[in-house]
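**Student:** One letter stands for each residue in the lines below.
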Amino acid sequence: MKDFEYTAPATLRDAVKLLAEKGENARVLAGGTDLIVQMRGRRYQPERVVDIKKIPEVNELTFSPRKGLRIGAAVPCHIIYHNSDVIERYPGIVDAAMIIGGIQIQGRATLGGNLCNASPSADSIPALIAYGAIAEIQGPQGKRKIPVEEFCVSPGRNALQPGEMLVCIQIPQSKSNTGAHYLRFIPRNEMDIAVVGVGACVELAGRGKAQTFKRVRIALAAVGPTPIFASAAGASLEGQSVSEESILAAAEAAKSVAKPISDMRGPAEYRTHLVGVLTKRALIGAVKRARGEHVPNAVQEHESAHPVYTLS
Amino acid sequence: MIELTVNGTSHTVSSDPRRTLLDVLREDLKLTGTKYGCGEGACGACTVLLDGQPVVSCLVLIGEVQGRAVTTIEGLAAEDVLHPVQEALVAEGMQCGYCVPGMALLAAALLRQTPEPTDEEIVRWMGGSLCRCGGYRAVLRAIRRAVGPGANDEVQVK
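Line order of the protein sequences matches chains B and E.
By the numbering used here, the letter at position 272 of the first sequence is numbered 272, and the numbering carries on one by one without gaps.
Numbering-wise, the numbering used here comes out as the position in the second sequence, counting from 1, plus 1000.
Heads up, some of the hints might be wrong.
What the hints assert, rightly or not - So the derived list for chain B, only partly shown, Cβ under 8 Å to chain E, looks like this: (1) 4; (2) 6; (3) 105; (4) 159; (5) 160; (6) 161; (7) 193; (8) 204.
Said to hold, decoys possible - Derived DMTMM-like pairs (lysine to aspartate or glutamate); straight-line CA-CA distance at most 25 Å: (9) 209(B) to 238(B); (10) 53(B) to 1080(E); (11) 2(B) to 1080(E); (12) 145(B) to 3(B); (13) 17(B) to 47(B); (14) 1030(E) to 1080(E); (15) 2(B) to 1027(E); (16) 22(B) to 1092(E); (17) 1030(E) to 3(B); (18) 2(B) to 1051(E); (19) 175(B) to 164(B); (20) 214(B) to 203(B); (21) 54(B) to 1016(E); (22) 53(B) to 1016(E).
To be clear, the hints were calculated from the coordinates, so they are not data collected in a lab.
These numbers come from a predicted model, not from an experiment.
No residue lacks a Cβ here, since even glycine has one placed at the ideal position from N, Cα and C.
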């Protein structure tokens, strides 16, 4: 590892100053589970590392009915998935945070870091996009906000300019008739990178047979150079009745925007097929949660003896 | 210089920022029970407890542990009495043993949080530590043994 200066500022102002002074030669350190590996592998050789964990704003994890959920950029996964507001109101975030690495990684890794690392296969990003999350950014010129679907620009590159840092991820208020689900396909149960991941968030209107989709957001992981917001697939469901047919049509629409490569994790055709399967399941899981039914995630699955991915 | 507490004892160590907690534990403090496996957080051999939380010490920069408390395998036993997880790992028997220090600390953290875990909870929790000898059944039996009676029951996991 090349020599660098380690800094741990206590305020956002100092952090932004330290970052701006070094531009491309400074890197932000949160949980370190990507950065330290990348520094050792010489993908990044920063002159200065800015550890943000002493800054109060990036350690915030709060929910309010008006503002929704605020997840500070340095809050580790295990704090997020044990938080009662997140468990109750944002189960799609729990789905993702529980499957990033193993227990030791979840003690350090953050959703902010998962987002800034901008991997096409990042597990939390489709869930965040599905929820309509906003990235709050601090830079030398002040604060700005961008939707999470615009945050990743290419593999490993994000929309942050030199001197800027992610402060927090804001997720809008969760309405009572809303549900979300994130699913990924991997060959083993943990410590692996998604072959495909799909997140879906639905808001329903009406009840029983007259129930329709009011608002739907779908996002895909590991099938393009960045996480993909499948906006047309989600929009195609709005106003439609909640049925297997409408969901299958949306799954086909999601497949049409997937642009996977073939690699050791699977050929492109296989990944496109999986987008269809997982989009259908993520939508059904999201509908069930919107209806107040319990849908276990990949970690909780053993609680349920029956397949959950059919509409009742 | 960095000040940290390891197994209840205060230490002051060199603050070369490139060094990880694992480097300092093994090279400066001569606590070689913590093992280097992959160096990228994928194997769990270097697991220690940082303020009680299991972390891979190969991915913790020494600057980050200023003022914090670390528990390594050398500090898991109380005086001469092994931790129940250590007793159980000895009783079940492992092969090369390279993964065992990390496994023991990870399992101890599980039992502190969940005193009577199910087999599924054990398997999920231990997923971040690899045993290249393939001794996972023995690890599972050991954790069940540490929990209490019934350790000799047939191990069944989906």
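**Student:** Failing hints, ascending?
**Tutor:** Of the numbered hints, 4, 5, 6, 7, 8, 10, 11, 12, 16, 18 and 19 do not hold.
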